[in-house]
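Could you put the whole structure together from the sequences, leaning on the hints where they help?
2 protein chains.
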Amino acid sequence: MIPNWLRQRAHLTPNRVALYDDTQVISFAELHERTVKRARQFVYLGVKKGDVVAVLMKNSVHMVEVIHALHYIGAIVLLQNVRLSVEEVKWQLEHSGARFVICDELFQDERAIQWNEFAQIGERDGEWQTMYNLDDVATIMYTSGTTGKPKGVMQTYGNHWWSAIGSVLNLGLRENDCWLAAVPFFHVSGLSILMRSVIYGIGVYIVPSFDAERINELIFQGKISMMSAVSTMVQQMVRELNKPYPPTFRCMLVGGGPVPQPLLQSCVRWNIPVYQTYGMTETASQVATLSPDARHKHGSAGKPLFHMHIRIEKEGKQLNANEAGEIVVKGPSVMKGYWQNEQETNAVLKDGWLYTGDIGYMDEEGFLYVLDRRSDLIISGGENVYPAEIEAVLLQHEAVKEAGVIGVPDERWGQVPFAFVVLGDQMTTEEQLRQFCMNKLAKYKVPKRIRFVNHLPRNAANKLMRHELKKWIEEA
Amino acid sequence: MIPNWLRQRAHLTPNRVALYDDTQVISFAELHERTVKRARQFVYLGVKKGDVVAVLMKNSVHMVEVIHALHYIGAIVLLQNVRLSVEEVKWQLEHSGARFVICDELFQDERAIQWNEFAQIGERDGEWQTMYNLDDVATIMYTSGTTGKPKGVMQTYGNHWWSAIGSVLNLGLRENDCWLAAVPFFHVSGLSILMRSVIYGIGVYIVPSFDAERINELIFQGKISMMSAVSTMVQQMVRELNKPYPPTFRCMLVGGGPVPQPLLQSCVRWNIPVYQTYGMTETASQVATLSPDARHKHGSAGKPLFHMHIRIEKEGKQLNANEAGEIVVKGPSVMKGYWQNEQETNAVLKDGWLYTGDIGYMDEEGFLYVLDRRSDLIISGGENVYPAEIEAVLLQHEAVKEAGVIGVPDERWGQVPFAFVVLGDQMTTEEQLRQFCMNKLAKYKVPKRIRFVNHLPRNAANKLMRHELKKWIEEA
Chain U
1 MIPNWLRQRA HLTPNRVALY DDTQVISFAE LHERTVKRAR QFVYLGVKKG
51 DVVAVLMKNS VHMVEVIHAL HYIGAIVLLQ NVRLSVEEVK WQLEHSGARF
101 VICDELFQDE RAIQWNEFAQ IGERDGEWQT MYNLDDVATI MYTSGTTGKP
151 KGVMQTYGNH WWSAIGSVLN LGLRENDCWL AAVPFFHVSG LSILMRSVIY
201 GIGVYIVPSF DAERINELIF QGKISMMSAV STMVQQMVRE LNKPYPPTFR
251 CMLVGGGPVP QPLLQSCVRW NIPVYQTYGM TETASQVATL SPDARHKHGS
301 AGKPLFHMHI RIEKEGKQLN ANEAGEIVVK GPSVMKGYWQ NEQETNAVLK
351 DGWLYTGDIG YMDEEGFLYV LDRRSDLIIS GGENVYPAEI EAVLLQHEAV
401 KEAGVIGVPD ERWGQVPFAF VVLGDQMTTE EQLRQFCMNK LAKYKVPKRI
451 RFVNHLPRNA ANKLMRHELK KWIEEA
Chain P
1 MIPNWLRQRA HLTPNRVALY DDTQVISFAE LHERTVKRAR QFVYLGVKKG
51 DVVAVLMKNS VHMVEVIHAL HYIGAIVLLQ NVRLSVEEVK WQLEHSGARF
101 VICDELFQDE RAIQWNEFAQ IGERDGEWQT MYNLDDVATI MYTSGTTGKP
151 KGVMQTYGNH WWSAIGSVLN LGLRENDCWL AAVPFFHVSG LSILMRSVIY
201 GIGVYIVPSF DAERINELIF QGKISMMSAV STMVQQMVRE LNKPYPPTFR
251 CMLVGGGPVP QPLLQSCVRW NIPVYQTYGM TETASQVATL SPDARHKHGS
301 AGKPLFHMHI RIEKEGKQLN ANEAGEIVVK GPSVMKGYWQ NEQETNAVLK
351 DGWLYTGDIG YMDEEGFLYV LDRRSDLIIS GGENVYPAEI EAVLLQHEAV
401 KEAGVIGVPD ERWGQVPFAF VVLGDQMTTE EQLRQFCMNK LAKYKVPKRI
451 RFVNHLPRNA ANKLMRHELK KWIEEA
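The listed protein sequences derive, respectively, from chains U and P. Under my numbering, the first residue of the first sequence is numbered 1, with each subsequent residue one higher. Under my numbering, the first residue of the second sequence is numbered 1, with each subsequent residue one higher.
No lab work stands behind these hints: they were computed from the structure. Among the hints, erroneous ones may be present.
Identical chains share a label here; the pair holds if one copy fits it or two copies do between them.
Once the Cα atoms are required to be at most 20 Å apart in a straight line, the calculated SDA-like pairs of lysine to any residue come out as [what the hints assert, rightly or not]: (1) Lys314 x Val328; (2) Lys336 x Met1; (3) Lys336 x Gly352; (4) Lys448 x Val207; (5) Lys440 x Ala29; (6) Lys336 x Asn439; (7) Lys297 x Asn15; (8) Lys350 x Thr130; (9) Lys350 x Met1; (10) Lys317 x Thr130; (11) Lys350 x Met131; (12) Lys314 x Ala388; (13) Lys149 x Phe436; (14) Lys297 x Arg16; (15) Lys440 x Glu123; (16) Lys297 x Glu323; (17) Lys448 x Arg311; (18) Lys297 x Pro273; (19) Lys48 x Val238; (20) Lys297 x Leu12.
Spelled out as structure tokens, the structure:
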């Protein structure tokens, strides 16, 4: 049990800035007041402790108010990706049992309340959580995973707390730190910025969208000291530069796979302190982070955060240094499990250890190298894309007999999905199939290319061998 | 469960400096190696997880090795004040059931092992705690309290962890921080420096004794960035100054009562960033800390650390702002209880709230003001001195019929104990009585003056009214 974070911040450091955007500067005291108003509105709607309420919004001050307000009540916040298809959003609402979904845009659903509408709702007195129980679920984020069926990752207050603490013990803390939020709050990389803000008492700078030039400007003005990004964002920011970053900017936390060597060299040249990191929704963000002074460990994701344990396993045995196997992690930021999905929870959580499905090794000094993201995970512009999910959609089309999806390199997005399809008796075109996917999947999941083939490579157990598909691409 | 702190540090930041003294610089990797050797020696002695082992040492690298080594095994470290009388030390050993006491000096006891002797002992393989269970007892420190009978405060790994985390969220963290240890490790103010060092990965500078000139030198050389002190130490350091402190020195954490206003003004003049703090053995150090930017709140101990809750109570009711009552605190750094003393534990710990016995109030903004330390506590040169304990010793003398002790102001030590004695049929002298105390009490507890009187002020219930004794002094 520790005090409600924002409330405690408003008490301890009321005048420090909590949020900036291009038009406002909001102190912790003011954010607390706004949050209480929103919480009173949720009480008016009948929201109670333990209810699930979904948020389908782009980063904004309002979104922050909504998230904190739900925590004041003790409701569980379901964070939804605004790029999901209507069908995907509804599936999550249904599965989670969400009572409402607060959204920026008009959304056709009896549970939906558009922000403009919510803002006008009445208020009613309620009882706020003055203490957070670290074991309570604070947020849910769905992730598709290997089976293609989305699983709701339950992140507790403790998960977020320990993640923030592990990070501060690695990156340090200065009173005037300000963290740029250019990654979405519906991803753990973005949400963790909000959590760190109220735990550390530092500012968050919210930008409406990723604009490399604008962000560079903020950095040169000394307005932000840290930011979270993926390689493609850093790439675009570097392209705009003609002078090195000022020393006020002290941390560029880069997730979603190793930073390419040429980009890393540019970062050194322009004085960009890159911290490469490995983490996932199931660990409430960072598991391991590589500090700039270990830059020579090219391709490594660094060492674990202080509160985390990492080991490499194969067939139940712990491997030695430099032997590749599954990355298994333990620590208090590991999720409580998947929402109402005991089977999938038990499949990955054993005795407190999380079986990530990712493949990697640790060198003699304990630096982690991630070789393959779990189940051929495709990371496209920072979004996780699971082949199995796309394959499942393709197989719903009456013309498709078999489907196999892999990620292929892309200059802009890092990777994009590429599909191989075996047709049955009926005919279809690449364009028709892509349109079919478009109706069912977020745009970034729709295969950029679909190739028709006579068969797919399968092993003796008839399991699709996606690494063979990769070879087909390379050979082509 | 989180990874063993020193071991994890040796893994994550092996080359950072863990300890400095005037002759050595020791990295975390080296401290880990030395600690493993000491742990192997303790295994050779037969020390097991859960055993109590006492440490009766002055601050030194060896003392640090011993403390960490015992934690590697999972033994409980009893930290003993080297200024205690032989009788006091033995009482603690007996009460705690300590198997050994490691001491700098020769100590006549079958459990005692002098450091020089210990250093020569053989080694044996053991199993180290790779994870710390936050609920396990890590250390015991005896504190005398109201009844005069010492109580062993059980501090868990979690207490130390949360104390360190609460502090970092208040004071921030820089990679090159180094904390001067001029207060003893057998007090929580000193021990908490060691804990922060391995949790944060920062250095500790150990000095053999408090030498104001030498410490100023270290500060001007930029070798230390933070230190813990009591007012009398700061007073002496200020006296030596002829130029302001450099900006590399960023925190002077001052406990043991408010810093006098004139001293505070000198600190402003000499650029000494004073953080006044309120804490106790039972809370593993800091509960509240006043930052320099709230200097206008003269006499305040500041606001609670992030993880702590403070309220003011009187007769079971929570008081409003500016009303004085008992200071009651809650949070994960509150002790587990008193060692084998359920009665005293239940007397102070209720529903997670610690009844400190200290009197104070909070102003409208939530700043804490401590009016009276518990049970007329005397703080002399940073040491806690309990009147009841001295009175109990005086009453053991055959000539003494009644005794009452209070603290009187002292330029050097802040306060010193002063005794009032009513004699019975026998006669004695002040000098004889002081000598009698000297044999039974640590020197700093021996009354500086003893005045013989005909009666002591008592209330209707025959309870000694120490505040009346204070008036006697003021009137004299």
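Evaluated hints:
Taking identical chains as interchangeable, the C-alpha atoms of Lys314 and Val328 lie at most 20 Å apart only when both belong to the same chain, with a minimum of 10 Å there against 52 Å between chains. Taking the closest pair of Cα atoms, Lys336 and Met1 come within 20 Å of each other both inside a single copy (17 Å) and across two copies (15 Å). Taking the shortest alpha-carbon separations for Lys336 and Gly352, only the intra-copy value of 9 Å comes in at or below 20 Å, while the best inter-copy value is 25 Å. For the identical chains of this complex, Lys448 and Val207 are neighbours neither inside a copy (28 Å) nor across copies (66 Å), given an alpha-carbon limit of 20 Å.
Within a single copy, Lys440 and Ala29 get their C-alpha atoms no closer than 43 Å, and across copies no closer than 54 Å, so neither meets the 20 Å cut-off. Proximity of Lys336 to Asn439 under the C-alpha cut-off of 20 Å is found in neither arrangement, the shortest distances being 33 Å within a copy and 58 Å between copies. Taking identical chains as interchangeable, the C-alpha atoms of Lys297 and Asn15 lie at most 20 Å apart only when they sit on different chains, with a minimum of 16 Å there against 42 Å within one chain. Taking CA atoms no more than 20 Å apart as the test, Lys350 paired with Thr130 passes between copies only; the shortest distance there is 19 Å, against 33 Å inside one copy.
Only between protomers do Lys350 and Met1 lie at most 20 Å apart by alpha-carbon distance; the minimum there is 15 Å, versus 25 Å within a single protomer. Only between protomers do Lys317 and Thr130 lie at most 20 Å apart by alpha-carbon distance; the minimum there is 18 Å, versus 44 Å within a single protomer. For the identical chains of this complex, Lys350 and Met131 are inter-copy neighbours only, at 17 Å across copies versus 30 Å inside a copy, given an alpha-carbon limit of 20 Å. For a Cα distance limit of 20 Å, the shortest separation of Lys314 from Ala388 qualifies neither inside one copy, at 23 Å, nor across copies, at 63 Å.
For the homomeric pair Lys149 and Phe436, the shortest alpha-carbon distance inside one copy (18 Å) is at most 20 Å, but the shortest distance between copies (80 Å) is not. For the homomeric pair Lys297 and Arg16, the shortest alpha-carbon distance between copies (18 Å) is at most 20 Å, but the shortest distance inside one copy (38 Å) is not. Within a single copy, Lys440 and Glu123 get their C-alpha atoms no closer than 37 Å, and across copies no closer than 66 Å, so neither meets the 20 Å cut-off. Taking CA atoms no more than 20 Å apart as the test, Lys297 paired with Glu323 passes inside one copy only; the shortest distance there is 17 Å, against 59 Å between copies.
In the homo-oligomer, the alpha carbons of Lys448 and Arg311 never lie at most 20 Å apart, since the shortest distance is 36 Å inside one protomer and 61 Å across protomers. Taking the shortest alpha-carbon separations for Lys297 and Pro273, only the intra-copy value of 15 Å comes in at or below 20 Å, while the best inter-copy value is 39 Å. Within a single copy, Lys48 and Val238 get their C-alpha atoms no closer than 47 Å, and across copies no closer than 57 Å, so neither meets the 20 Å cut-off. Taking the shortest alpha-carbon separations for Lys297 and Leu12, only the inter-copy value of 14 Å comes in at or below 20 Å, while the best intra-copy value is 41 Å.
The structure fails hints 4, 5, 6, 12, 15, 17, 19 (numbered hints given earlier, in ascending order).
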